[in-house]
Amino acid sequence: MLKKTGIPTPEDINGAFPSEERLNKGGVAVIECYEQIPCNPCYTGCKIGAIKPFEDISDLPTINHDECTGCALCIAKCPGLAIMVVDVTYSDTEALVKIPYEFSPLPNEGDVVKGLDRNGDYVQDVKVVKVLNPKAFDKTPVVSIAVPKDKIRIIRNIKIGGV
Amino acid sequence: MINTELLILGGGPAGLCAAIEASEAGVKDIIVLDRNQELGGQLVKQTHMFFGSEKQYASTRGFDIAKILIDKLKEDKNVKLWTDSTALSIYEDGVITAEHEGKYVKIKPKATVVATGASEKTLAFSNNDLPGIFGAGAVQTLMNQYGVKPGDDVVMLGAGNIGLIVTYQMLQAGVNVKAIIEGAPTIGGYLVHASKVRRMGVPILTSHSVKEAHGTNNLEAVTIWQLNEKWEGIPGTEQKIEADVLCISVGLSPLGELLFQAGCEMAFIPSLSGFVPKRDENLATTVPGIFVAGDVSGVEEASSAMVGGRLAGLSAALYLGHKVADKDARKADYLEQLDSLRHGDVGKRIKDGIAQATI
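Chains A and B supply the protein sequences, listed in that same order. Oh and the first sequence: position 101 is 101 in our numbering, straight run, nothing missing. In our numbering, each number is its position in the second sequence, counted from 1, plus 1000.
Simulated from the structure, these hints should not be mistaken for lab results. All of these numbers come straight from a predicted model, not from anything done at the bench. One should not assume that every hint holds.
[What the hints assert, rightly or not] What follows is a list of derived Cβ distance ranges for each label pair:
#1 A:Ile160 / B:Pro1203: 20 to 28 Å
#2 B:Tyr1146 / A:Gly110: 18 to 26 Å
#3 B:Pro1203 / A:Gln124: 32 to 40 Å
#4 B:Glu1238 / A:Thr93: 45 to 53 Å
[Claimed, not checked] When the alpha-carbon atoms are kept at most 20 Å apart in a straight line, the in silico EDC-like pairs for lysine to aspartate or glutamate are as follows:
#5 A:Lys135 / B:Glu1054
#6 B:Lys1348 / A:Glu67
#7 A:Lys52 / B:Asp1280
#8 B:Lys1351 / B:Asp1280
#9 A:Lys4 / B:Glu1054
All C-beta atoms, glycine included, are put in the ideal place defined by N, C-alpha and C.
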């Protein structure tokens, strides 16, 4: 249970994901914000208005997945590092998953790294497709990894080197 | 005797914002006094992005916020910044003494904002004085200010925001955190922080505490055990974890000594973490001319401390007789920001505590 372990349940995760129909249309943000805290940078950082204004700053964010373009700007804006972008149209078998990664050294594009779940446990090796670390991201680099489509709700972190 | 219009004790988020606001409100002669070599208080150690809204610099990292505030004050001719200076006492006639540049000085301000912050609590257990047992603030200072790794294998005690954030910072520094243990049945800090460290593989054990520490010259291992619903250790549940660092993060306690000495009416309010001054909505204490802001008035997040500092700075300027054209709009804005930061489950206890402290 999230409040005892820090690990969201499969129901929590499924609730944060858009519909299968929307997923199949391309990149989209998945906001895993499960607790009311006073925080709204995802809304102020969303340039296309897919993340809706907060009535109360402690509300959970509301995103219209159909308006979201998967631009990934919100990933580095979220102080809780709670947002990822999933694009299942990446290839026939794999989805592109974009996650925040604030550790040194950063992986290189093309590296094969360990894919970890929300428990920090090893799931399988994944390939790093892209690493973005512009000044605008303010030290929260965004790493894109290629993940088998059946693992998009499982893999949420990476580890470089030993298991 | 040094005469000044406004003296601000403490150069953390609350004190710095109080100085900025007071200067904007027309106060011409402000001294900010801080015992550390660097201004910014805890902000300078905070590498994570802040929560809150744009007005409290949300999504900006703590040390960058400190830089924004300090840079603003360095350019301000109304403000003198005294670092390495420790306030020592407040006397009945309003004189405040301090150690400044190696000398004992007396200051006579017309108004004072006390923004002294809070200190870390600790916990009683066998061998809790072994080298290697740190407060979480000390670990942050070592790593983020001095660039020193605290050790190799860590047990973190406390799953509040500080415990979770410092765990994350240690992982970033390449330190192995073996477990976070928490006496309460649930995680106290923000769950997004908990999920960040959990997906790095750090287990969080709720309803657990430290039974004893082991070691001869320094910490070598920690025995933890499970707690029952009365917070008593359950014999037979002990686990020994090898570790050279035990990091204690079991909450903060407001640093109100100067307020006691000044004769401010104080109240013990558990949800504000200890003895806090009674105050009105404008953050004026029961002693005329003494205002409070930040953790000394009740332990909260730095976002609230910054807004509280703004409000205390405005109140002090008005007390000093300055005319502030948009004072009502400013005050309404700060009160609204404070109220919104105290929404949600976490904020409810704070709000109840503040209601008890308000006169």
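Going down the list of hints, with the structure as the test:
1. A:Ile160 / B:Pro1203: 20 to 28 Å: holds (21 Å)
2. B:Tyr1146 / A:Gly110: 18 to 26 Å: violated (37 Å)
3. B:Pro1203 / A:Gln124: 32 to 40 Å: violated (22 Å)
4. B:Glu1238 / A:Thr93: 45 to 53 Å: With Cβ atoms ~48 Å apart, the hint holds.
5. A:Lys135 / B:Glu1054: Judged against 20 Å, a Cα distance of about 19 Å means the pair holds.
6. B:Lys1348 / A:Glu67: Violated. B:Lys1348 to A:Glu67 sits at ~34 Å, over the 20 Å cutoff.
7. A:Lys52 / B:Asp1280: Given that 20 Å is the threshold and the Cα spacing comes to 36 Å, the pair is violated.
8. B:Lys1351 / B:Asp1280: Holds, at about 14 Å.
9. A:Lys4 / B:Glu1054: violated (31 Å)
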